[in-house]
Amino acid sequence: MASQDITPVGKDSAKVSLLNDPKVRGYIFQAVAVLAIAGLGYWIVDNTIANLQRARLATGFGFLDGRSGFDISSSPFLAYSSDSTYLKALMVGFLNTLTVAFAGIITATILGFIIGIGRLSHNWLIRKLCTVYVEVFRNIPPLLVIFFWYLGVLSVLPQARQSITLPFNMYLNNRGFFFPAPVFGDGAWLAGVGLIAGIVGALLVRRWAHKRQMATGQQFPVGLTALALIVGFPLLALAIKGFPLSFDYPVLGAFNLRGGSQIGPEFMSLFLALSFYTAAFIAEIVRAGIRGVGKGQSEASHALGLRAGPTTRLVVVPQAMRIIIPPLTSQYLNLTKNSSLAVAIGYPDLVAVGGTILNQTGRSIEVVAIFMIVYLSLSVLTSLFMNWFNAKMALVER
Amino acid sequence: MGTNLKGQIVMKNLVLKGALAASAFVLLANAASAATLDDVKKKGFLQCGVNTGLPGFASPNDKGEWSGFDVDYCRAVAAAVFGDATKVKFTPLSAKDRLPALQSGEIDVLIRNTTWTLSRDTQGFDFTGVNYYDGQGFMINSKKLSGINSALQLSGASVCVQAGTTTELNLADYFKANKMEYNPVVFEKVEEVNAAYDSGRCDAYTTDQSGLYAYRLALTAPDDHIVLPEIISKEPLGPVVRQGDPQWADIIRWTHYAMLTAEELGITQANVDEVKNGDNPEIKRVLGQEANTKLGTDLGLTNDWVVNIIKAVGNYGEVFEKNLGSGSPLKIARGINAQWSKGGLQYAMPIR
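Top line first, the protein sequences correspond to chains A and B.
Heads up: the first sequence at position 22 corresponds to 22 in this note's numbering, and the numbers run straight through without jumps.
Every position in the second sequence, counted from 1, becomes a number in this note's numbering once 398 is added.
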């Protein structure tokens with residue numbers, strides 16, 4: 001009892017009303033906010049379920065096992081027919097989205113870097129051309145760019161009978177781009193082994209050359225050697241087996257060219273449009289990144305005797321990358337999301353196929369939920385990869 | 399085993415609830431509507447879902463005024479409800495968006511050449527009748543493909559088709575059943591399908607035959623194109639309403655029957671006021687002139703609802719001829735859409 005009377009001064013000061021304690025108040029406000037959000041969520045879900053029941057709409061994802069009944073024009077990776085399930089149709093659409101996004105990201109990056117660097121060129125013509133490119137493509141909605149390629153360029157190509165003939169039995173007409181498909185005979189597996197051996201060899205050479213340059217300062221033509229290894233080994237392997245490789249050439253059928261491989265105009269226009277459109281933004285990001293590297297860096301590099309090319313490649317760009325990568329990530333995400341514009345030109349991406357399924361089954365809530373989950377996952381995965389890449393490129397202090 | 403199963407159900411429920419929450423707004427708009435008729439009256443106009451542009455059925459002119467067979471049905475419903483055919487707003491819908499738009503309450507009725515199928519009927523929708531009996535066919539450019547005069551010769555062809563339609567499914571079934579290959583070129587909007595076919599992206603165009611005749615007019619060289627003789631499906635087209643509102647479904651259903659009955663009895667836009675006061679008891683009953691009649695009020699409308707419909711748009715035959723038949727560039731024959739008494743399939747239930 002007595003000990004309670006002798007309360008230390010410090011403890012006394014903490015005995016203010018709980019409501020006035022900023023920490024406690026913070027917790028209370030946060031708890032209220034969480035409750036409010038949870039309440040709103042519950043109200044929405046509850047209301048939706050009630051409405052669904054009143055409209056006598058079935059719910060659940062069981063419908064995905066049903067037979068789709070429709071055909072898809074382009075399914076390069078999965079064997080799909082109208083007897084396949086809705087789930088498989090969605091997979092085909094998803095893979096088509098992935099294909100166009102992946103190809104688009106690579107092309108847009110290469111193109112964007114070239115144009116971004118071109119905008120800083122000392123050559124007046126190159127600089128102005130790159131500026132015009134950026135201003136034109138950056139200020140046109142992506143849907144129009146897609147229509148430009150689809151309706152303006154690819155659909156005015158000649159009909160199948162008047163195809164433009166390109167070298168190596170390749171053809172171009174308004175049904176797409178046709179090229180011979182390789183047919184591998186017995187023993188062609190050795191070429192695959194050769195390819196792997198070539199890649200491993202190239203990596204080893206690069207490591208050795210790097211080590212040697214560190215030790216002696218002597219340089220080695222790594223790029224050319226790698227190319228020779230990667231192309232040479234599979235060729236050598238084929239030669240040993242007596243070239244067990246033939247080609248399936250496209251030939252004119254009743255309606256169109258048959259046989260060979262084919263890239264449809266829908267894919268081409270979507271791919272080209274997304275690449276050209278996003279490249280304009282990437283070019284600006286690259287230019288900003290390079291501008292963000294101190295002028296002294298390149299001056300110092302020139303003073304050391306490096307010419308313009310190596311200065312850009314070895315001194316400026318590696319530092320610029322730290323500025324470039326974060327905004328580049330959002331451009332990649334944009335490109336992936338813009339690929340859903342495919343629906344306008346009939347490329348069977350996830351949204352186009354999902355939309356058809358939605359219409360056939362009436363399961364709008366489920367299909368829209370699948371759209372959201374897939375795009376969200378794709379975006380999160382891209383972000384994770386780019387964050388990892390960013391961490392790798394970040395300034396490492398020694 | 400039991401707990402595992404329960405766990406699975408809980409898991410499934412969680413996923414479902416998440417999905418529901420995410421897209422709940424689709425259905426939020428619908429929160430407090432059961433009696434569509436009351437809602438429509440309160441709004442003061444009918445919101446009618448129509449095609450984005452199918453000459454003969456629904457298409458806007460350069461002033462944005464809609465006309466067509468389906469459009470006249472929308473006007474007929476507005477006339478039945480309000481006595482005023484102008485109290486209607488049109489929502490142009492792609493094939494893909496039409497059913498979700500009805501489900502969400504964005505439109506009150508869908509009159510957009512929609513095929514009556516079992517699965518659609520059981521997915522929360524009600525079809526109120528068949529205002530046009532159609533069938534799917536193929537159109538080709540006969541100048542470019544001169545040797546072809548049957549759909550069975552289309553193996554290997556690229557075929558333009560609209561996404562999310564029964565047409566797309568019939569196409570797949572037809573080629574599979576006849577062991578033929580084809581390459582579907584699928585677009586969401588009819589305008590895109592038309593443009594692709596016209597530019598030669600596809601060898602053949604498939605949709606309902608009425609649609610083929612309509613689109614042919616819009617092609618650069620209509621005379622180069624022929625509609626192949628095969629009809630590969632039954633396409634009964636009709637108005638659709640949300641399930642669970644029998645009164646509203648009745649109004650749409652009987653609007654159709656009223657137009658058919660009027661044709662049968664010879665009631666036209668021109669003579670409706672005259673015959674209304676004549677002495678044919680059947681006509682008087684249909685037009686609500688019988689003493690103490692409750693036919694219209696029992697439907698939730700006024701007793702002169704049929705008069706309003708016929709004054710606004712005319713009877714079935716008039717609407718058909720004006721939009722699709724001899725009075726239109728399409729020149730489609732009545733065919734199976736003739737009255738039952740003339741060898742067709744159109745048969746109105748008695749209004750009494």
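What the hints contain is simulated information worked out from the structure, not anything from laboratory work.
Misleading hints may appear alongside valid ones.
As the list claims (entries may be wrong) - Each computed BS3-like pair below joins lysine-lysine, with the alpha-carbon atoms no more than 25 Å apart: (1) Lys720/B with Lys337/A; (2) Lys740/B with Lys729/B; (3) Lys439/B with Lys692/B; (4) Lys441/B with Lys709/B; (5) Lys485/B with Lys440/B; (6) Lys88/A with Lys577/B; (7) Lys720/B with Lys740/B; (8) Lys574/B with Lys88/A.
Checked hints:
1. Lys720/B with Lys337/A: Outside the cut-off at roughly 46 Å; violated.
2. Lys740/B with Lys729/B: Cα-Cα ~19 Å, so holds.
3. Lys439/B with Lys692/B: Holds, at about 20 Å.
4. Lys441/B with Lys709/B: holds (23 Å)
5. Lys485/B with Lys440/B: Answer holds: lysine 485/B to lysine 440/B is near 12 Å, not above 25 Å.
6. Lys88/A with Lys577/B: holds (22 Å)
7. Lys720/B with Lys740/B: holds (19 Å)
8. Lys574/B with Lys88/A: Roughly 19 Å separates the two Cα atoms, so the pair holds.
Taken one by one, the earlier hints fail for this structure only at number 1.
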